[in-house]
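Turn these sequences into a full structure, and let the hints guide you.
Okay, here's what each chain looks like letter by letter:
2 protein chains.
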Amino acid sequence: MSVHPLEEILHPKSIAIAGASGSGRGGGFITPLQELGFRGDIYPVNPKYNEIMGMKAYARISDIPGPVDFVISSIPSTGILDLIDDCVKKGVKGVHLFTARFSETGRKDAVELEQELLRRAQAGGVRLIGPNCMGVYYPEEGIAFNDGMPKESGNVGLASQSGQVVGEIVGFAAQRGVRFSKAISYGNALDFNECDYLDYFAQDPQTDVILLYIEGVREGRRFVSSLRKAAAVKPVVILKGGRGEAGTRATASHTASMAGSQQLWHSMVRQAGAISVGDIEDLVDIAVGFYFMPLITGRRTAVAGGSGGSSVQAADQCEEAGLNVIPLPQDIRDELKAQGNPIWDWIGNPADFSISMGDHNASNSIMKMMAKHPDFDLIIMFVHGPWRRSSQPFSLDRHMEFYNLRELGGKPILAVFGDRPRGSGKEAEWYKEISAQIQERLIEAKFPVYPNVGRAARVANKIIGYYERKPK
Amino acid sequence: MSVHPLEEILHPKSIAIAGASGSGRGGGFITPLQELGFRGDIYPVNPKYNEIMGMKAYARISDIPGPVDFVISSIPSTGILDLIDDCVKKGVKGVHLFTARFSETGRKDAVELEQELLRRAQAGGVRLIGPNCMGVYYPEEGIAFNDGMPKESGNVGLASQSGQVVGEIVGFAAQRGVRFSKAISYGNALDFNECDYLDYFAQDPQTDVILLYIEGVREGRRFVSSLRKAAAVKPVVILKGGRGEAGTRATASHTASMAGSQQLWHSMVRQAGAISVGDIEDLVDIAVGFYFMPLITGRRTAVAGGSGGSSVQAADQCEEAGLNVIPLPQDIRDELKAQGNPIWDWIGNPADFSISMGDHNASNSIMKMMAKHPDFDLIIMFVHGPWRRSSQPFSLDRHMEFYNLRELGGKPILAVFGDRPRGSGKEAEWYKEISAQIQERLIEAKFPVYPNVGRAARVANKIIGYYERKPK
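Line by line, the protein sequences are chains A and B. Position 156 of the first sequence, counted from 1, bears residue number 375 in our numbering, the numbering being contiguous throughout. Position 117 of the second sequence, counted from 1, bears residue number 336 in our numbering, the numbering being contiguous throughout.
If you are wondering where the hints come from, they were derived from the structure by calculation, not from laboratory data. Watch out, some of these pointers could steer you wrong.
[To be verified] Pairs of lysine to any residue residues, derived as SDA-like cross-links and limited to a Cα-Cα distance of at most 25 angstroms, are as follows: (1) K587(B) <-> R617(B); (2) K645(B) <-> W649(A); (3) K651(A) <-> G604(B); (4) K327(A) <-> S573(B).
Rendered as structure tokens:
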């Protein structure tokens, strides 16, 4: 198998930043490389400076003594043709153009400039990411474009027309424990387009889940075919920007994309075997599910650990999401009766643990029976904040033991643990701090964690649907 | 007009807590009263103790020397008939029964006990809140049932069958700046039921917005009539627990309610002129909107301040929520051109401020024109976190000035400001801290704040729908 052309530019031994400066976005591309420990050479390029951030600055790419594999262009669009010519001269393989004000302005001269840029790059053998984008995040190679992007790699790949969207997806997913193989913001899709990125991630051995944010499709027929092929080998989750009339107008001025009708789009994605979502929150929620969960084989759902009103609403939200909250199996009831559990005839599914009135052993044994029982395909597990008013001092280890159901039945388990309303004063501070620790422990234990049951249930349903539609 | 029977028990000069103890839930009803500064007498009642939390404890209600207006019962259900008899003897007006294990257990003897309890209370002239509930939060009277409930009053009233749901709604709403006139958890609705609470809040001059969490309706015909009357005078937002099959089973064991079909429910609520929601998040979001916003008279929406991908998605989400994101009016464009604004022909609605490339004056003047323009009925305004990489030190006052659009056109403005993904290290800490301050400033300036545009747009649409359906 031949190497994908994107792969050829994603392992640079040196990166030059054209338009670098100590402040502003140009310098902003240097610090993330340093922070992630990029191992190659970094060359600031700007004729106005001799030195930038302690490094020698060069007037032109072709002035750099050593070889340059990759260039990040942060210069104004007026100088872009000169820069590309210089890159061709230097033998640069790939250029990421943060540079904007091309076709997205809707202006004739800017559209023509963009086309001339492409023509010269193609003639000179230089591949382009962008223009009008944030470029590449590839933690294994030490490449990032924002400060604070995680250093660790994971198996989720992301391609997005919007760099802001990459920042949000990577950031929100990171808070939930998800890490990325690579994430690429590709803006106006002038050279590589959505089909290239999709094909790339489909064949990429570092990527097991593909996320896409797309504003417009440049090659419609090819996209459907690429999508079908990708979704047959790994989950693909797509967020489409520009679904309606106003959104279509907005995509034109953002990345100069032509958007399509929403209904058609959703059904096309579904038929191709991929997952279509409506916003970033959904996209990240589903990524969290695929990242941490084994295959879900059915819809029979146990809901454990809620109390009172939350159990009632959990049942509603699971059913409305398409899950099947079956009654508590009779043999569990029989076993509870045999154990002398006083709520054996009263407890159900959802198992409302407020009715055990603080008898944690009783609650825990019910959760364990649910986790082991063959009638349940998955568990939605409420995780509580630290118990208040207990006679014993709070122990995080003991608290977390209660939720140690992973090994029992090997079932997919979605944990529900949310920001609780904060009160005020010292106890509220303590509660908040311990809650953050509980969240961290859940992620360390590889639970997908959702702030409420509705979101957990909708994710489970989407993931089950993916496996149902996937060619066997 | 006669005084509502609930009003007669909600201003107690003294409260006795039956089943009080230093630890456990019984004592837990004492500290919130102290914290909120309840001005009357508090009497712990428990035959096992001489003193509880520094106060003299009484063996029975009738042992208390002074008059007792209100009793919180935290004793087991086995002693409840004796307690009620004692309350009748003492001339108690109202009893809140935290005491549970009645009809919600599904057991025959418990159902009978509950009925006997009601019979004796009615015969003795004692009114009941509950059983199986958390009772009353009434900040003006210094009454609360959880630690950390806000001391300040507001104009939102809440009745809920679940005490946990009250805690969540009051807590989440408080974080968004919303305060309550009173919130009552009423559990099994044995004496006062949902119709009584609804009638009460409809006539209550301290309440301008009514929130309800209901698991089952005891008096169907009366409820529809009460709902119609209430919704005609103030907004009523209802969350129904137990909408589906499993939820119906769960309500039975939670508050012994019979639930109805979901579709019927939603259309009944809508026809009565009230707002039906699917979860607590929606309920709180809408409460925030009514709390802070003037009347919204139409759907023509300006979206200002987003950038790139977020503007595109904002347009989609507004349209999908039912709002009308109209093109930028030509006279705004003309004015921008006259001002020499370089993006006059390129900017649209949503106004994507990333294309002004950091020219904050240009962005700000567009926002102001939108706020003043008569073609827009409402504004959805993105609020940014602190700008990074600015040459000047960050000033919170200067940052907030940018969003000072309230006085310009008097239009309803929904602010979108969310938890941003957190990075790591010192800058992330700073960013988080400043973000919390921005959030507080927005609330102080009486903005309804939503973490994303989808939620803001859905709220606007629901509120507009309420005013459209409201009898003129």
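Hint by hint, here is what the structure shows:
Restraint check for K587(B) and R617(B): satisfied, since their Cα atoms lie roughly 16 angstroms apart, inside the 25 angstroms limit. Restraint check for K645(B) and W649(A): the C-alpha separation of about 22 angstroms stays at or below 25 angstroms, so the hint holds. Under the criterion of a C-alpha separation no larger than 25 angstroms, the hint pairing K651(A) with G604(B) is consistent with the structure, at around 23 angstroms. Taking the CA atoms of K327(A) and S573(B), the gap is about 21 angstroms. The hint holds against a cut of 25 angstroms.
Checked against the numbered hints given earlier, this structure breaks none of them.
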